[in-house]
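Peer 1: Keeping their order, the protein sequence lines are chains P and L.
Going left to right, the first sequence walks through residues 1 to 266 as my numbering numbers them.
Going left to right, the second sequence walks through residues 1001 to 1277 as my numbering numbers them.
By construction, these hints were calculated from the structure, which means they are not laboratory data.
Incorrect hints may appear among the rest.
Per the computed footprint, the stretches of chain L lying under chain P, defined by three or more beta-carbons under 8 Å from a beta-carbon of chain P, are [stated by the list, open to error]:
#1 1047–1056
#2 1074–1086
#3 1098–1111
#4 1136–1149
#5 1265–1277
A few chain L residues facing chain P, derived, Cβ under 10 Å [unchecked claim]:
#6 1017
#7 1093
#8 1159
The C-beta atom is built at its ideal place from N, Cα and C for all residues, glycine as well.
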Amino acid sequence: MNTMDVYASRSPLRRTAPGFKILWAVIPLLICIGFGSFSVSFLTIAVMIYCTVLRGGTPWKTYLHFLRIPAGFICIGAIVILVVRRENMESLLIGVQIGTGYFGISRISLLQSMALICKAMAGVCCMYFLTFTTPMNGLLHTFRQIHCPVVLIELMELIYRFIFVLSGEAGRMHTAQSVRLGYIGFRRALHSTGGLAALLLLRALRRGDRVYTALEARCYTGILPYLRQEYTKIRAGAVWGLILFCCLLIGLGILEKQVLGNLFSI
Amino acid sequence: MNLLEIRHVNYQYETGGQALQDLSLTFEKGKTTVLLGANGAGKSTLFLNILGILHPQSGEIRFDGQPCGTSRKEMTALRSRIGLVFQDPDDQIFSADVRQDIAFGPLNLGLSQEETRKRVEQAARQTGVYELLDRPVQALSFGQKKRVAIAGVLAMRPELIILDEPTAGLDPAGVSGIMELLSDIKKEAGTTIAIATHDIDLVPLYCDYAYVLSHGQAICAGTPEEIFAQPALLRAHGLRLPRIAHLMEILEEKDHMDVRRVSTIGGARREIKRLFS
Ligand SMILES: Nc1ncnc2c1ncn2[C@@H]1O[C@H](COP(=O)(O)OP(=O)(O)OP(=O)(O)O)[C@@H](O)[C@H]1O
Ligand SMILES: [Mg+2]
């Protein structure tokens, strides 16, 4: 979590208007979900990786590292679709007999699960493009522009900060416990974890109190004012790029439906 | 002239003992006043009372000749003239990035976006965090957060800056950097400075007046020389002499040398030269 933000704050794209980056991530995402086809997903993944790594300056190693985590979850989820139950062995590519039924992988389930994995990974890449190139304040800026309720935006800002304060606190407490051998053996580990959780809540409440005090000391009046950031203007080329990209995706999607539509039903 | 006067203030936490007991202090305009005292002496509590975040059970606090009111309006007016840098920077910094956090105070003062932007950049340059302006706060080290917290108060340009242990957690260059910066601000803008610190060696270098607190009471007051002329009293309240002054004490008492009790390197140099000439 921590490092993603740090990369965003160093990205060459951090000064690009965040609203445009949101469109650039969300429209392809919606198209991907809509079609759920291979070529659309592959093209999206390729373009998003290009934008994030080559244009956005995220190191390859970091990007792949962060991609591994959702990839693991998605693959596990896809297994549920991959394995199906059939009455006979003929319709399965491989399978085993359990009781009266046959469990295994059919051609359709294989295609479907692959499509799902591609679709989900494309979605992840879209979102990663946004997170790796847009600092939190950029997003808040856009939400303000589209007149999101101020309460929500301020909550977002404070919650964002407190996630890190709390996870930092929990991390330090965990370290403090483990250097004093608090996690040796199952019983002690349980005990330490319980203590940490209980104390974390208390500390969070006290921290909230102190932060409020500090806000008051700097003339807090009930609203969090904010400093407008300057963002670079979007070039016409980039807008045409987005339009072209979306048309290409939709075209590919329709084309693939025509060809692969038959494939699915075989 | 006294910018801030604390008169017979008593404060008691609901859950604890007496944190401040009949405490009377004055902070002279344009000077640096330091509060010394062991852990739990009541320094942070006093600062919260000054800002009107805690309210004394009895006694009076006067700022610029006026008693401090308790209404919301009076309090905001007071806080726009007094800046407090908290002991723990994590308490003070709440924004997603550094620039936004430093801008919080000036924007609350009702300054324009342009003026705020200028002040933020100036304060960030002064405290050496200019390169960090666009960084998310959680990616900063403790000392860097401390500097950001100081910048957040400097940008408000208050008449009185209160710093609760400003040098704790800073590297040696950072410590002298911050102290020099405070001296400069004091000279240029006539800002009054109040510091609580455990860093005794800084006191003779940068402070004009000192109070020793213990269990919520002022034990003694005076210029740094006057304070450090009473080593027994300091030690009884969990403090010590500056290293140089300690050396001079040993030279005088153990080696029976004829030295004056100076407490800065410059003073010691003069004494040594005098002895050898
Ligand atoms: N929130 C609180 N509730 C109850 N008692 C408190 C609270 N905060 C501080 N105290 C008590 O008040 C006394 C003064 O505390 P204070 O924080 O002002 O000390 P300090 O001089 O700032 O110490 P340090 O050098 O450790 O920062 C201490 O005895 C402390 O235990
Ligand atoms: Mg304190």
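Peer 1: Now look at each hint and say whether the structure bears it out.
Peer 2: For each hint, the structure was consulted:
no.	hint	result
1	1047–1056	holds (count 3)
2	1074–1086	holds (count 6)
3	1098–1111	holds (count 8)
4	1136–1149	holds (count 4)
5	1265–1277	violated (count 0)
6	1017	violated (19 Å)
7	1093	holds (8 Å)
8	1159	violated (14 Å)
Going through the hint list in order, the structure does not satisfy hints 5, 6, 8.
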